[in-house]
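Q: Each chain is listed here by its residues.
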Amino acid sequence: MSHLDDEIHMLAETVDRYVADRAGGRASGGDAWTELADLGWLLLPYPEAAGGLGLGAAGVSAVMQGHGRGLLPTPYLPFIVMAGGALARCPRAADALAAVMAGERRVAAGFAVGRPAAITAEPDGAGWRLGGTQPHVLAVDEADAVLVAARPGAEGGTGLFLVGLDLPGVTVETYPLPDGRRAGRVILNGVALPAADRLDDGDAAALLGDVETATLLAAAAENLGAMQVLYEETLAYAKLRKQFGRPIGSFQSLQFRLVDMWIKLDEVRSLVASAAAAGDGPEAAQLAVAAWIQSLWSGRSIGEEAIQLHGAIGMTEEHAAGRYVKRILVNELLFGAPERHFARYRSTMQG
Amino acid sequence: MSHLDDEIHMLAETVDRYVADRAGGRASGGDAWTELADLGWLLLPYPEAAGGLGLGAAGVSAVMQGHGRGLLPTPYLPFIVMAGGALARCPRAADALAAVMAGERRVAAGFAVGRPAAITAEPDGAGWRLGGTQPHVLAVDEADAVLVAARPGAEGGTGLFLVGLDLPGVTVETYPLPDGRRAGRVILNGVALPAADRLDDGDAAALLGDVETATLLAAAAENLGAMQVLYEETLAYAKLRKQFGRPIGSFQSLQFRLVDMWIKLDEVRSLVASAAAAGDGPEAAQLAVAAWIQSLWSGRSIGEEAIQLHGAIGMTEEHAAGRYVKRILVNELLFGAPERHFARYRSTMQG
Amino acid sequence: MTMIFSDADKAFAADVRDYLAANLPEELARKVRYNQRLTRDDYTGWQDVLAARNWYAVGWPAEAGGPGLTQTQRYLFERAYGALPCPHPCQFGIAMAGPVIFTFGNEEQKERFLPGIRENRDFWCQGYSEPGAGSDLAALKTTAVREGDHYRVNGQKIWTTWANWADWMFCLVKTDLQVKPQRGISFLLIDMRSPGITVRPIRTIDGDHEFNEVFLNDVMVPVENRIGEEGQGWTYAKFLLEFERFSMSGAARSRRVLSEIRADAEALGRTGDARLAERLTGLEIELLALEHMELRLLARSVGGENPGPEASKLKIRGTEIAQALSRLRVDLHAEDCLVHSDAFLDALEPSSNPAAGGAVATYLNQRKLTIWGGSNEVQRMILAKQILELG
Amino acid sequence: MTMIFSDADKAFAADVRDYLAANLPEELARKVRYNQRLTRDDYTGWQDVLAARNWYAVGWPAEAGGPGLTQTQRYLFERAYGALPCPHPCQFGIAMAGPVIFTFGNEEQKERFLPGIRENRDFWCQGYSEPGAGSDLAALKTTAVREGDHYRVNGQKIWTTWANWADWMFCLVKTDLQVKPQRGISFLLIDMRSPGITVRPIRTIDGDHEFNEVFLNDVMVPVENRIGEEGQGWTYAKFLLEFERFSMSGAARSRRVLSEIRADAEALGRTGDARLAERLTGLEIELLALEHMELRLLARSVGGENPGPEASKLKIRGTEIAQALSRLRVDLHAEDCLVHSDAFLDALEPSSNPAAGGAVATYLNQRKLTIWGGSNEVQRMILAKQILELG
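Protein chains in written order, with our numbering: chain E, 714 to 1064; chain U, 714 to 1064; chain F, 81 to 471; chain X, 81 to 471.
Derived by calculation from the structure, the hints in this document are not laboratory data. It should be emphasised that the depicted structure is a prediction, and the values quoted were computed from it without experimental measurement. From the three backbone atoms N, C-alpha and C, an ideal C-beta is built for every residue, glycine too. One thing to keep in mind: the hints can contain errors.
[Claimed, not checked] Ranges of calculated distance between the beta carbons of each label pair, as one might list FRET restraints:
| id | chain 1 | residue 1 | chain 2 | residue 2 | range |
| --- | --- | --- | --- | --- | --- |
| 1 | E | D923 | U | G869 | 39 to 45 Å |
| 2 | F | V259 | U | M1062 | 34 to 40 Å |
| 3 | F | D89 | U | M1062 | 20 to 26 Å |
| 4 | E | D854 | U | M1062 | 42 to 48 Å |
| 5 | U | G869 | X | S421 | 58 to 64 Å |
| 6 | U | R895 | F | T351 | 42 to 48 Å |
[Unchecked claim] Only pairs whose alpha carbons sit at most 30 Å apart, straight line, appear in this in silico DSS-like list of lysine-lysine:
| id | chain 1 | residue 1 | chain 2 | residue 2 |
| --- | --- | --- | --- | --- |
| 7 | U | K952 | X | K221 |
| 8 | X | K260 | U | K952 |
| 9 | F | K221 | F | K318 |
| 10 | F | K260 | E | K952 |
| 11 | E | K955 | X | K465 |
| 12 | X | K254 | X | K465 |
| 13 | F | K254 | F | K318 |
So that you can see chain E by itself, here it is in the shape it has in the complex:
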């Protein structure tokens, strides 16, 4: 086992404990984000040179699986993987990244996977003036700034701008997502920024592509965590619940469906594990996209089966099944259905 494998293994154990503590009501009661900072998770994916722990996709995958298993509300994905991931790829964003890693600054992600930038940036003297509406910015009500992707004037390409939410011209309208997480529309109305707040090196398209890949893998890992619970709960329920005088798990047609759930879970688990271990490069990107697509195929099917096999109890708000199903569904709506990523997948194929 390599050194990295060791660290990831230890991290996964910490995540398990953290999730179990929160599930068991043993959460600290303090600010969850501060807890994550104390655990070192905010540093975890970034390169050691930048002050991070260098655990990359493997580390993110472990933390995100925990988010899925425990349905954690902390915005690790948008703040650390998306916004922080973009900052870590911008040479001039070292200060902002350091503040993110320290938990001092909470930056939301003002860009969407697979969608062109919704914001425009017009040159304005030495600086910029931003306008437009960015929908579905996750956890923006917990952020103090948003990193937006914008189309800069006539020059083309995509720019990355760090926008404080307290700036004049910034409005945020928040709303609950179907799974209970919160998001918001960020409306920029002629927001003036100094030149220094544009953080990319001329065109952010390529780095945003990498961030999107990392986002898909992180979301796949979260889905994996969620569907693992769905599978385990359904299997346990099938052994317990009796109908017609027998445990329903003794009916062969249900056994086969549970076996298929187990296989679908294993397909996601295998792709997420390989993608997380693959480092960089086209094979890693291919595995990440495949992991995301498979996580939706498997997630839909495991989720629907989990509700069906639980019967009416699975339909209730009190039971956990629905919450897990909604988490996976909302992730799909946020990051894009399988077929929307087929072209991306094909573009990563070699030979």
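Following the hints, position chains U, F and X against chain E.
A: Showing chains U, F and X alone in chain E's frame:
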């Protein structure tokens, strides 16, 4: 029950007896086509005004279900439904149709469903000169003529030409289809025809569209007959065959699969019955196309399940399952996969 | 096998269509169209519109005070009804309590209960399921002990749709614990205002409240509220099941939903999306097959044959198709579905894409279709045993 | 969990790839590429090429005379092998008879049989299935009665692949009819030239002849041809099963078929077909998931853990994907698949679209994948019991 219903009911009983006789080795031993003529089946679909029995699609459906159940080799579909159906729609083809109905002339179908005409016709004095190759002409080795669709010179549209197979310039290369039926390539090399052998009234496109719809319904009915046998054989086998000390039909997962086969069969049966009873018009065309598509969806699934549930025995040439599966598969290859007909289906939709 | 409609039938269908179209309030149609939540008043107000033509208890024979429609007219009624965004009328009185009462009740019971159901004065709910006894009625635990001219009822019902709105509940209870379950169950009508009844809401994953738990604690039910004989409740419940399955294809509703999704796709400029067009066409053909399965079964029951257990196929395919449509709507609207709010679902707040507003809630809500009314697994068991005769 | 290949491993993979590419005859590659039928000489000729590098018995440990590859090298070998249109080597000697002999056989048996298998001199077949006993070995009926230093064997085997070509058959027989089946079965090696053996061909729906019935009529088998103890045959058969499932994913072959279909689609100018592109991409991702499930299981067995019953998942998904690919090829070539002839399949006749020529026969042939080697239903039963622990 209407008069037509009565006649169809009697016809279906005759078809059942005919199929049972042939399956039981009680076939006459004479020429099968002459038998069909004696039974009146060659007259059956055509209007009474043309000397037919006026039983239309309902009559064809009954005869074709028998072809499917009994895997009859007689080329009723290409000769009576396709070529004869086209002749019946050509005002100047009364003589040819009469000869077909009498069993005196056997005309193969030189056109394919959903494909443009493969033959060209150049004006040549008062007549025409035909060239090109028509592939996959069913049972052409039993025919003495072929009714070809051809693109006539500069005038556009589609013409219908009756071509004797003994004419100079006509070559036929026959081959077996994967299900054992025979087809052939008809190669026309400057075949000279008098003007009178062009049978359509200027453009045959619309009438060929109607013939195609009738062909799809007839082929759906044949598929229905075939999958009915597959279902019945599989159900019977599941009750008989023991594994792990119990009939395999007592295993719940198999029971559910058999139920799904039964439902899929019923879906085809319902659409074929409604389409056959619907007369003419857009609703009839819509039902016919839907019946064809459903017959492939159900047919694939019932066929694959029939082989799987029979186990290795279903893989053998001696067992009937494979022959039925191949009949349905070859029909699909001849007349086009489901998605190829989606546009046709949509064009028949009202509102 | 053919189903040809007479001129009288066609005129009837036109009458239904015209009356419904003229009397469906615009605001209510909008709520149904966009899958917003309906209130008790939405339902009862609309059912009054139906009752005014005696079309609320539309399936009842004339002897029971119903319109006495033929099977063909019933079919045409459902088709016309499904084509418009009308609320699905509450079924527990008209399709369940009513038929049991007019088939197995005595004259006094018929006079007492049927008018209130037919005229939409009483709101009914169904007390079948219990914790641990869903599709398996043999496991019922609620008891009714005879004490003079009353039963003392104790137990708990669950998944009781609209118990919170109901005036009456028809209920399966155990009156004999000694015999095998099929012989010891009775069918009681219980006034929901009786002392000892507590209704507790169950919220579902779509955030809605239609299910309830009903706790029965020493509830005294007059013996005259028992339908039929003591111990025969199982028979009456079975009698209802086949009716229920026959009406559970939901084909007319699915036909409407399909056309709404197509309209939404056009409004969103997505007609050129080949994958979407294929999914729509594919579902359209599946639905056509369902409709013609239903028509054939109908044609046979016109001929006097009881649909019997075969009707399970309609429930299976109908619910599968309805669920597929609810998923297709989510896929069509994609991220537009994210802006979800109870205020929209309760019709308090407008939305820029209202068709997306209720899409997720409907997708989640429709998961129930394959669970309730006898889960689809139970339907397949019925077909395997009773039609395929697999042991 | 990571699988990083050492430089030595990479060099090994390159060596395999280069050797196979240099020694695969063009005509043979073409036959495999176009799903034409292979003769016994096609197989044995190619297996000689493998045996020349001791790569026919590629999975054997060094003690048994095999190459003693690590699990990682095995995986790399399969991957390189599957990438080329090489015939699938006959498995019954190298993957079944061999491992049982070198694991449970005595020294004399090892010396007598292993070299012939390893060096591709003896052609083996497998005598497990009987009429009425396919995946259910407890129902075996073939008997072996001890008479001095021989067994007298009577019975019938069925679905015996290549019995018509075989020199030897390994065979499960009943040596004790009194005990329960799991204790009364023995494992015999039978010379196919023994008097009393009759082989009758079974033609399959694709027109091929690879299955046979084998009738055993008073066949005298020396006791020294029994492997291991009398009555322990069930144990040896079970030992083989997990190996078999592990090798039954067919992922490498499916990867090759997928790239062939993509090449065919390009040759036919169908790259713009969105539906085709989606099906290809979808299957490609399913296959990638299969490959990584396999890699993970491999990584664990590198760590010393037996793959165990989990390997059933590879058999299930691998065969499902292979069947889907065989269907996709038929759909791609559509009516071009109609021109079917035994002459083409036997490589006697050219075709204008050779990729279509064997498409239907292959689709039909591949139906066997989910039936044999323990049907996929049996695999699911194994997983339900042994992994999910469902009673």
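Q: Looking at the structure, which of the earlier hints fail to hold?
A: Result: hints 1, 2, 5 break, sorted rising.
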